[in-house]
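A.B. asks: Below, each chain spelled out in residue letters.
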Amino acid sequence: MRGRATSLRRRLTWTLIGGAAVLAVLFYLVVRTYAQQIAQQGQDRILEASLTSLMDAAVVREGQVEVDVPYAAFAMLDTAADDRVFYAIHQGAELLTGYDGLVEGPFAAMAGPVFDTVGFAGTDLRLARLTRVLPASPAPVMLTVSVAQTRDSLAGTLWAISVNAALFGGAFFVLAAGMALWTSRSTMRPLSQMAEAVARRGPRDLRPVVRAVPTELSPLVTSLNSLMTRLNASLTQSETFIAEAAHRVRTPLATVRTHAEATLMRVDRDENRAALRSMIRAIDESSRAAGQLLDHAMVSFRGDQMERSAVDLVGICRELVDRLTPVAEMKDLELVLQADGPVVVQADPILIQNAVRNLIDNALKYSPAEGAVRIEVQADPVAIVVCDEGAGFPVAQIAELSQRFQRGANAGDTVGSGLGLTIARDVAEAHGGRLELANVEGGGACATLYL
Amino acid sequence: MRNFVFVILCLWASLAAAAELEDRQTFHGENGVTLRVLSSTDTDIFAPILEGFIARNPSVSIDYAVAGSADIVTLIEDCPDCFDVVISSAMDLQLKLANDGLARRLPGLARSSDTQWRQSLFGFTLEPATMVLNRAAFEGRKMPTTRQELIEALRAEPERFRGRLGTYDVRLSGLGYLFATQDARTSETFWRLMEVFGNLDARLYCCSGDMIDDLASGELFVAYNVLGSYTQTRPETLDKVAVITPEDFATTMMRTALVLDTTELGETAAALVAYLTSGAWAAQDRPGFPLPSLRDAEAQMLSVVSLDPGLLVYLDRLKRALFLEAWASALLR
Chain A
39 MRGRATSLRR
49 RLTWTLIGGA
59 AVLAVLFYLV
69 VRTYAQQIAQ
79 QGQDRILEAS
89 LTSLMDAAVV
99 REGQVEVDVP
109 YAAFAMLDTA
119 ADDRVFYAIH
129 QGAELLTGYD
139 GLVEGPFAAM
149 AGPVFDTVGF
159 AGTDLRLARL
169 TRVLPASPAP
179 VMLTVSVAQT
189 RDSLAGTLWA
199 ISVNAALFGG
209 AFFVLAAGMA
219 LWTSRSTMRP
229 LSQMAEAVAR
239 RGPRDLRPVV
249 RAVPTELSPL
259 VTSLNSLMTR
269 LNASLTQSET
279 FIAEAAHRVR
289 TPLATVRTHA
299 EATLMRVDRD
309 ENRAALRSMI
319 RAIDESSRAA
329 GQLLDHAMVS
339 FRGDQMERSA
349 VDLVGICREL
359 VDRLTPVAEM
369 KDLELVLQAD
379 GPVVVQADPI
389 LIQNAVRNLI
399 DNALKYSPAE
409 GAVRIEVQAD
419 PVAIVVCDEG
429 AGFPVAQIAE
439 LSQRFQRGAN
449 AGDTVGSGLG
459 LTIARDVAEA
469 HGGRLELANV
479 EGGGACATLY
489 L
Chain B
899 MRNFVFVILC
909 LWASLAAAAE
919 LEDRQTFHGE
929 NGVTLRVLSS
939 TDTDIFAPIL
949 EGFIARNPSV
959 SIDYAVAGSA
969 DIVTLIEDCP
979 DCFDVVISSA
989 MDLQLKLAND
999 GLARRLPGLA
1009 RSSDTQWRQS
1019 LFGFTLEPAT
1029 MVLNRAAFEG
1039 RKMPTTRQEL
1049 IEALRAEPER
1059 FRGRLGTYDV
1069 RLSGLGYLFA
1079 TQDARTSETF
1089 WRLMEVFGNL
1099 DARLYCCSGD
1109 MIDDLASGEL
1119 FVAYNVLGSY
1129 TQTRPETLDK
1139 VAVITPEDFA
1149 TTMMRTALVL
1159 DTTELGETAA
1169 ALVAYLTSGA
1179 WAAQDRPGFP
1189 LPSLRDAEAQ
1199 MLSVVSLDPG
1209 LLVYLDRLKR
1219 ALFLEAWASA
1229 LLR
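In the order they appear, the protein sequences are chains A and B.
Its first residue numbered 39, the first sequence is counted upward by one per residue in the numbering used here.
Its first residue numbered 899, the second sequence is counted upward by one per residue in the numbering used here.
Please keep in mind that the hints were generated in silico from the structure rather than gathered at the bench.
Hints are supplied without guarantee of correctness; some may be wrong.
[To be verified] Not everything, but these chain B residues come out facing chain A in the computed CB check (under 8 Å):
no., residue
1, K994
2, N997
3, D998
4, G999
5, L1000
6, R1069
7, L1070
8, I1142
9, D1146
10, F1147
11, P1207
12, G1208
13, D1214
14, K1217
15, L1220
[Unchecked claim] Computed list of lysine to aspartate or glutamate pairs in DMTMM-like fashion (alpha-carbon distance at most 25 Å, straight line):
no., chain 1, residue 1, chain 2, residue 2
16, A, K403, A, E438
17, B, K994, A, D106
18, B, K994, A, E467
19, B, K1040, B, E1050
20, B, K994, A, D82
21, B, K994, A, E132
22, A, K369, A, E438
23, B, K994, A, E104
24, B, K994, B, E1134
25, B, K994, A, D138
26, B, K994, A, E142
27, B, K994, A, E86
All C-beta atoms, glycine included, are put in the ideal place defined by N, C-alpha and C.
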């Protein structure tokens, strides 16, 4: 995989949460703006009513304006926050009554009241002003009435609404975030379920995925199924090839060996017999090498996709001992199996069998005649120990011995390819274990396969 | 028109007259700060409250100055730095001081909204305007309990009551003006009563105390819109006068206190206001104490003059001129 890995679920979650956050902030701002407008309108309507009642109370008597201020004109401006009230009444540009400096002339007649936010007496005021021309003799009189009020109650209302809007916005966000988590999880569930189902399959299970998947996933599943079909065909092909190769190489070698032995019976000249013997040896070596190469290929192949099942190590060893006893007897060697009872582990039986057979093979090869090869199955920790009574491993080389095609310096003329220990080590590592080599004091060597 | 000119002259006279203190005394604590209080309440009435406060706050001395409620506004406007606390019975003038931004806000003094305005003006007494009658003058006669009954009693024997009636001169007394304007707002009966008073050559007073003195001496038979509680300070008058709270409606005012924003003794001033509003001064073991605290009379809140911007209406120059014109034409014949 190239580039930074991204999580679809995380991306979906954050997109949804981010959207919810934007919506929550938007909600707060809209409510607040709207509330501000409404509250301001409310204050303006009351100021206008006060203004109108003052204007209505004005009469012109002999060119002089008299205003019998109605009690309600100011009483109606009573608010929860006890806002301060200011007013001014001007005839022309001259202040008749009220607060000086609240508004400044000159004034012009207007159709309706105007509203403004002004600073006066060290505070912000909402001011409403109305100028009217009153008919009178000898000349009409221009009257300007102004009423102003502090905005404490408005601010209180706005604060309360803002707090509520913020709470609602926050609650909405929390709810939406929770839903985002839930949604992304449930959206991703089919994907993870499919991944789980595929992961749960055995290594050789290459059947196509047939479970119902969301339509968005079906192209992926189709590609996956087609890939698995091709992989299955290719695997089958290589298995067939390995079996075929083993058959094709081993059978002619056996035929050649048979012929060579028959010829050996018939020739008498010493130099010819020696040549034939070395030929037979070479054939043995080739046959064995071919077998081990196939074993090694098999181990490499199976190690990548193991099929673990419950196997009894003692059973495997006993079967091998039975099978190899004739070979051992030919060299006057004894095979001894030591085990207390069945040792059952989860392992690939074919691989284990291969590894143990190679270890026993090695031991048989390097043991002097009349000796014994001891095979011990331990339960705790699970291990198979194969010991011989030969010369032992060269101490300096112990670390390198299990590498491919490495043979001990003291191998001499013993037939071998150098793959036996490698196979055993690969099998141990495929099972999560290791191979340990050690010399026994007083002669002999032990290979221990830990699983 | 003649009346109008007269009113203007009166206004001019009252404005021109230099506002001055009627009394000034210092209540000594133990050499601490001195709180300067400007009040419309006579020193002898308020002294027990101040002594109570000093007993609780021994480090505070109080410089207690008395002035007429209308003069208080002038004094404060002339010299806002000269005082720390203002106490007055003229709710409208006090509200104007607070509205004009002279009062400090004391958010710590949580009160019901009925008895405070903008957390800067605090009511601490409830005192109804009453009719006070000379008992001897009504010997054998039914004592009036409403304005209408008083009007009928006066009309029945005009010559007997001529020159024997008293009420506030609303041009001089801030409290008298408040009572008169609130009465006028409530009922037309007020104007009819004032016309009867005017016809019978009513005398005008600056203060409740003077009216009660004249009632006790027999100079007056009836005084209207008097603070009846003041009779309590004159025990010798109690058997000579009858205090009647009108049954039709009783205009009830709150004595209010505010802390001037310019004060440098904010905490001490706030402590005094807190003491006043707590009602702790209205001790039960002091019968006859003249100032009924809010707490004593919480149930009477019905016809109390409410602390709202409406109080500013009658302080408007034009409105005041119109009202005084009407008042003068009714009373000054």
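A.B. asks: With reference to the structure, classify each hint as holding or not holding.
C.D. replies: To see whether the hints hold, each was checked on the structure:
1. K994: violated, 10 Å
2. N997: holds, 5 Å
3. D998: holds, 7 Å
4. G999: holds, 5 Å
5. L1000: It is violated, given that the least Cβ distance between L1000 (chain B) and chain A is near 10 Å, above 8 Å.
6. R1069: violated, 18 Å
7. L1070: violated, 21 Å
8. I1142: violated, 27 Å
9. D1146: violated, 20 Å
10. F1147: Not OK, violated: F1147 (chain B) not within 8 Å of chain A, min 16 Å.
11. P1207: holds, 4 Å
12. G1208: holds, 3 Å
13. D1214: holds, 5 Å
14. K1217: holds, 5 Å
15. L1220: holds, 5 Å
16. A:K403 <-> A:E438: holds, 19 Å
17. B:K994 <-> A:D106: holds, 19 Å
18. B:K994 <-> A:E467: violated, 97 Å
19. B:K1040 <-> B:E1050: Since the Cα atoms of K1040 (chain B) and E1050 (chain B) sit roughly 11 Å apart, the hinted pair holds (cutoff 25 Å).
20. B:K994 <-> A:D82: holds, 23 Å
21. B:K994 <-> A:E132: Roughly 23 Å separates the two Cα atoms, so the pair holds.
22. A:K369 <-> A:E438: violated, 28 Å
23. B:K994 <-> A:E104: holds, 22 Å
24. B:K994 <-> B:E1134: Judged against 25 Å, a Cα distance of about 38 Å means the pair is violated.
25. B:K994 <-> A:D138: holds, 15 Å
26. B:K994 <-> A:E142: Judged against 25 Å, a Cα distance of about 22 Å means the pair holds.
27. B:K994 <-> A:E86: Given pair K994 (chain B), E86 (chain A) holds - Cα atoms ~22 Å apart, limit 25 Å.
The structure is inconsistent with the numbered hints 1, 5, 6, 7, 8, 9, 10, 18, 22, 24, although it conforms to all the rest.
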